[in-house]
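Generate the whole structure from the sequences, applying the supplied hints.
So the sequences go chain by chain: L and G.
Using this note's numbering, the first residue of the first sequence is number 23, and each one after it goes up by one.
Using this note's numbering, the first residue of the second sequence is number 178, and each one after it goes up by one.
Everything labelled a hint here was simulated from the structure, so no lab data went into it.
Don't take every hint at face value.
Calculated cross-link-like contacts (lysine to any residue; reagent style SDA-like; alpha-carbon spacing at most 20 Å) [as the list claims (entries may be wrong)]: (1) 402(G) - 121(L); (2) 184(G) - 402(G); (3) 184(G) - 326(G); (4) 402(G) - 112(L).
Which residues of chain G face chain L? A few of them, derived with a C-beta cut under 10 Å, are [unchecked claim]: (5) 217; (6) 218; (7) 220; (8) 224; (9) 243; (10) 247; (11) 251; (12) 288; (13) 289; (14) 299; (15) 323.
Cβ coordinates follow ideal geometry from the N, Cα and C atoms, glycine included.
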Amino acid sequence: MDSRVQIVAIAVSTGLLAVVFELVRRRRLMERYALLWLAAAAVLLGFSIWRNGLELFADAVGVAYAPSAIFIVALGFILLLLLHFSLVISRLADQTKVLAQRLGLVQHELDSLRAELAAERRLDGEREHVHS
Amino acid sequence: MSRRFHKPLAIVPAYNEEPCVGGVVTELHHHCPDFDVIVIDDGSTDATADAARAAGAAVVRNPFNLGIGGAVQCGYQFALEHGYDLAVQVDGDGQHDAREIQVLRSHLERHPELHMVTGSRFLERARDGYRSSTPRRIGIRIFSALLSAVTRQPITDPTSGFRMTTRRGIELFARDYPHDYPEVEAVVMLHHHRLRSAELPVRMRERAGGRSSIAGHWSGFYMLKVLLAVGVAIFRARPAVEPGEQAPVTAEHAI
Numbered sequence: 023m024d025s026r027v028q029i030v031a032i033a034v035s036t037g038l039l040a041v042v043f044e045l046v047r048r049r050r051l052m053e054r055y056a057l058l059w060l061a062a063a064a065v066l067l068g069f070s071i072w073r074n075g076l077e078l079f080a081d082a083v084g085v086a087y088a089p090s091a092i093f094i095v096a097l098g099f100i101l102l103l104l105l106h107f108s109l110v111i112s113r114l115a116d117q118t119k120v121l122a123q124r125l126g127l128v129q130h131e132l133d134s135l136r137a138e139l140a141a142e143r144r145l146d147g148e149r150e151h152v153h154s
Numbered sequence: 178m179s180r181r182f183h184k185p186l187a188i189v190p191a192y193n194e195e196p197c198v199g200g201v202v203t204e205l206h207h208h209c210p211d212f213d214v215i216v217i218d219d220g221s222t223d224a225t226a227d228a229a230r231a232a233g234a235a236v237v238r239n240p241f242n243l244g245i246g247g248a249v250q251c252g253y254q255f256a257l258e259h260g261y262d263l264a265v266q267v268d269g270d271g272q273h274d275a276r277e278i279q280v281l282r283s284h285l286e287r288h289p290e291l292h293m294v295t296g297s298r299f300l301e302r303a304r305d306g307y308r309s310s311t312p313r314r315i316g317i318r319i320f321s322a323l324l325s326a327v328t329r330q331p332i333t334d335p336t337s338g339f340r341m342t343t344r345r346g347i348e349l350f351a352r353d354y355p356h357d358y359p360e361v362e363a364v365v366m367l368h369h370h371r372l373r374s375a376e377l378p379v380r381m382r383e384r385a386g387g388r389s390s391i392a393g394h395w396s397g398f399y400m401l402k403v404l405l406a407v408g409v410a411i412f413r414a415r416p417a418v419e420p421g422e423q424a425p426v427t428a429e430h431a432i
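Below is the structure:
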């Protein structure tokens, strides 16, 4: 493998690892969403350092030119991440729906309680008025 | 053998139905005086909620538009919480005739084994009342063939939102209701949960005004999405949400 490719690959995956780590450290990225990113960066870094491993992998999946196997790995992770995001979005949409429904129902309860209370107060006021 | 319902509710989902919703509520009060009426204003941008309140309905306002499925489910949640034993869905656009509600109700009372009745536009008596476009009719044909095969009972009007459910149905729909194309999917859901339903012929009207919240754009794409949704519903890994099972919305499920 051309050593320039290796250097670039190492630099990119190290950078990715560092960015993800830093984002988690600053609490900008929740750990649960960082796991896949960390795994992706770690595997990519591993393959870019350990050339033999990459060649073994390329051989196993039938890729003639070993460095392009790293693209397959990266593509796999990208697909996984996208699917993961779709899952997260679906869940968020579900939760938002439940919250919106609750909010509507609770608002309705609040409004009717307020109306009842106002009616009671008015009644009390009239009674006092009669007494005085 | 028959049964009685003591606390019936009419659920009226409405999205931007200011011109019609008042009339719908008034008609409900007139023809079904013992029904409480709850209007679910699904994030309307016009004065739908005010119009409904002025006509004497209770109103739940969703903070933003959830779509017909989310709105209707909200109504079922209201019914569940307030102990209603009968709930009928009536569209806010006035296409469902309130006079037919007593027909649906008495059918449920006479048939205690049923959990839901649906008003169908396409059973014999109602032929003249309703006309729709050709692609739409073809779509309905396809769905009714599909659903009839799945549920092994004739279903002539799979997209009808004019349906009445008993307590079991209310409980089920309050917990879990399909999102996007609820009428068709709900039939499959009901079948999975072994609740029994039947269709009754009803008259329906042309919409009185406003825009349809349910199927304003009936297209090939819409058809495809509903077919997908039904396919998914048939093969759903978790057809039942019974007490103690995993909640339909769970905190964390990563791949």
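Each hint, compared with the structure:
no.: 1; hint: 402(G) - 121(L); verdict: 25 Å, violated
no.: 2; hint: 184(G) - 402(G); verdict: 36 Å, violated
no.: 3; hint: 184(G) - 326(G); verdict: 35 Å, violated
no.: 4; hint: 402(G) - 112(L); verdict: 16 Å, holds
no.: 5; hint: 217; verdict: 7 Å, holds
no.: 6; hint: 218; verdict: 8 Å, holds
no.: 7; hint: 220; verdict: 8 Å, holds
no.: 8; hint: 224; verdict: 16 Å, violated
no.: 9; hint: 243; verdict: 6 Å, holds
no.: 10; hint: 247; verdict: 5 Å, holds
no.: 11; hint: 251; verdict: 4 Å, holds
no.: 12; hint: 288; verdict: 31 Å, violated
no.: 13; hint: 289; verdict: 30 Å, violated
no.: 14; hint: 299; verdict: 31 Å, violated
no.: 15; hint: 323; verdict: 25 Å, violated
Consistency with the previously given hints fails for numbers 1, 2, 3, 8, 12, 13, 14 and 15, ordered from lowest to highest.
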